[in-house]
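Once you have looked at the hints, place chain R on chain S.
2 protein chains.
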Amino acid sequence: MAILKGAAVIGQSGGPSSVINASAYGAIKAALDSDVITKVYGMQNGIVGLLNDNLFDLGQEDPEELALMKYTPSSALGSCRYKIKDPDEDETDYVRILEMFKKYDIHYFFYNGGNDSMDTCNKISKFMLRNGYEVRCMGIPKTIDNDLAGTDHCPGFASAAKYIATSMVEVYRDCHVYDKGMITIVECMGRHAGWLTGAAALAGLTGNGPDLVYLPEVDFDMDKFIEKVKDIYARNKNVLVAVSEGIHDKDGQFIVEYAVKDAAVDAFGHKQLGGLAAFLANECKNATGAKVRGIELSLLQRCAAHCASNTDIEESFMAGQAAANSAIAGVTDKMVGFECSRENGQYKCETKLFDLTIVANAEKKVPREWINEEGDNVNEKFIEYALPLIQGQTKLTYENGLPRFVHLRKVKAQA
Amino acid sequence: MAILKGAAVIGQSGGPSSVINASAYGAIKAALDSDVITKVYGMQNGIVGLLNDNLFDLGQEDPEELALMKYTPSSALGSCRYKIKDPDEDETDYVRILEMFKKYDIHYFFYNGGNDSMDTCNKISKFMLRNGYEVRCMGIPKTIDNDLAGTDHCPGFASAAKYIATSMVEVYRDCHVYDKGMITIVECMGRHAGWLTGAAALAGLTGNGPDLVYLPEVDFDMDKFIEKVKDIYARNKNVLVAVSEGIHDKDGQFIVEYAVKDAAVDAFGHKQLGGLAAFLANECKNATGAKVRGIELSLLQRCAAHCASNTDIEESFMAGQAAANSAIAGVTDKMVGFECSRENGQYKCETKLFDLTIVANAEKKVPREWINEEGDNVNEKFIEYALPLIQGQTKLTYENGLPRFVHLRKVKAQA
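Quick mapping for you: the protein sequence lines, in order, are chains S and R.
Per this note's numbering, the first sequence starts with residue 1, numbered consecutively.
Per this note's numbering, the second sequence starts with residue 1, numbered consecutively.
Accuracy of the hints is not assured; some may be wrong.
All copies of an identical chain are treated as equivalent in the list; a pair is satisfied when it fits inside any one copy or across any two copies.
With a cut-off of at most 27 Å between alpha-carbon atoms, the simulated DSS-like pairs for lysine-lysine come out as follows [what the hints assert, rightly or not]: (1) Lys180 to Lys365; (2) Lys5 to Lys237; (3) Lys83 to Lys381; (4) Lys83 to Lys180; (5) Lys352 to Lys291; (6) Lys365 to Lys123; (7) Lys410 to Lys237; (8) Lys395 to Lys126; (9) Lys126 to Lys237; (10) Lys364 to Lys412; (11) Lys180 to Lys85; (12) Lys180 to Lys412; (13) Lys250 to Lys103; (14) Lys250 to Lys102; (15) Lys381 to Lys123; (16) Lys126 to Lys103; (17) Lys180 to Lys123; (18) Lys237 to Lys83; (19) Lys410 to Lys291; (20) Lys180 to Lys410.
FYI, nobody ran anything at the bench for these hints, they're computed from the structure.
Next up, chain S with everything else stripped away, as it sits in the complex (with noise of 0.2 Å):
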């Protein structure tokens, strides 16, 4: 294809990850280094500092600092919830868009996100195709969540399974020391699938696992949890629980639901809601008496970069890297994503091509049969899946003791 000289825009969408910079570093990288894109600038915030005229000069970063990116977690350029609209409905925005990469000579477009994001980068594609404004514009993915549609794994879900998985393991110890037994429950992320919840049960590989790990995949049945605790407890004093936040019973209402049907008023006469972890650990003590803990996760899953997984970097990185080179060398209109294979205990991993349209619109699932039959665990297909994932411990630079993390500058783009 032809050559295609011009500038480039990147942009972060939605909920970070610990990774998500390591892949707009790769395109970034790349495109800075290419002879055919003149310029590299950031959005702040998104497609949000795209319609404001917001953007930054990366070419102005120092090149050392501007490296930390690749271990720095949580959108460093900025992120935005922005749903952009249907153009069939209002274009306002697409045309904003369009003049803006008029303005700043703009013929690479690279967003970096999770599904939603996917879908701007793909309308904002098609408009421009429609309109035959030339501009490549590619999809780098990123979600904990890993249920995009066609690539193997999502940038970002591997360190936060490792995150889970380790933690999981130390608290597996830590609940395990006392001769009188307890009963853990650990809240997970993951509304719809439930890759991070399964990630837990890797931590059964040191001998210090979860015993029981519920999927949103499989409806989820209070009494039977219950007996099973019960059970668990009865014979091993111990009992560790991983639940994903969006498990929900065969009519399909969310079990953190059962909790506040009659929410707490506190002294000042707000409601106050209690997490799915604490109402699961007070059902489980209302049972059998014994002490319980709740632990959510919250954030720290897909914040933690001092945990993060340099498999997960580096493809994270050689993602990004691909998307600005696939565009350098003609391709538009594409997500890139991983294909692998894990024969023979060998993994294997590369970059490959995804129509955005179809990435836009799906969700990936835990497939049933990686479930146990009880739907109380995953089975070694999702582990044989997963592990490969979360090898290696990432590199990053330490000050005083804490992760050195980026700093931009962030110079207002002149066009």
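Only chain R this time, still in chain S's reference frame:
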């Protein structure tokens, strides 16, 4: 002093930490290496194991496996929360312990734990002295709370502090990515002393620290807190707060109790209690309309060995070694602590022996002059104190991408 030939026994007690095994391993290794110590026994679940004749022979462990204790969190020997009686009231336990000492020819007693454990160690030591049984009793401190008297700091504090500060930096990054802003409350352990919560302020050295830090050493005023949060939110759109679980009002009532005045009842009629972080986050939401998030660091902060301070690991190991070597040299009835200097930014730490009687009955809090006048953050005196302690990263071994912790054989002891 005279050479004392005989066996040694070591036990761990109280809540675990990331480095309690580093201390224990220091003592075990020095004891195993010694010519005068004939056998080294471990108590299964602390003093309860000694009372129940449940000891194992640490000489039977594989030395390479045993060495993994240095990097393994949570009492590898097992812990207990058994409160030994005052011997003036009930001698039963002491008589039984003496019987066990005689059965196994034990003349070295090492006890690894916090305030209560030092009290246990002290009582046993004094009883044996009064009854003329020669046993050298040494306390090896451990507490993430850092509230033991005498010693500059406690083994275990620094690793929890490093985990908290690291998590604060990462959570700051996560909370600050959106253009819409957010108020985040992070709850740290420490019911009476604010050392751990103060450690959250170390994150400020990276430029990504909390705006407000509330310790239990200062009375908490809800109205003032809300005003501060509103003010910072209006200016910065983002507020990050660290609070100690033990904050209380001027009447001594715990703030978490405000939340449970009228506790929720779930669908099963059970009372639901939320945590302090969730409660404060909810109050901030009601006051500002902001997006909020409450995060409880829970057990994670005391067992996250993957994020331990290497300074803490090495000092803990040194404390354990010093306990054994001092006892071999003739010392008894002491706790090993640290004496440190921080002159001109040069940190130096040496072990020092403290009277068990003093240690057992005091609690060290954060000095008021290390907290700012407003009482909503620590000042540079706290930072100077804590910063040297969190230096260096753990060197733990990984297997399958996960920490490889010790697995002890625990071969039953033979008298």
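Numbered hints the structure breaks, given as an ascending list:
1, 2, 3, 5, 8, 9, 10, 13, 14 and 15
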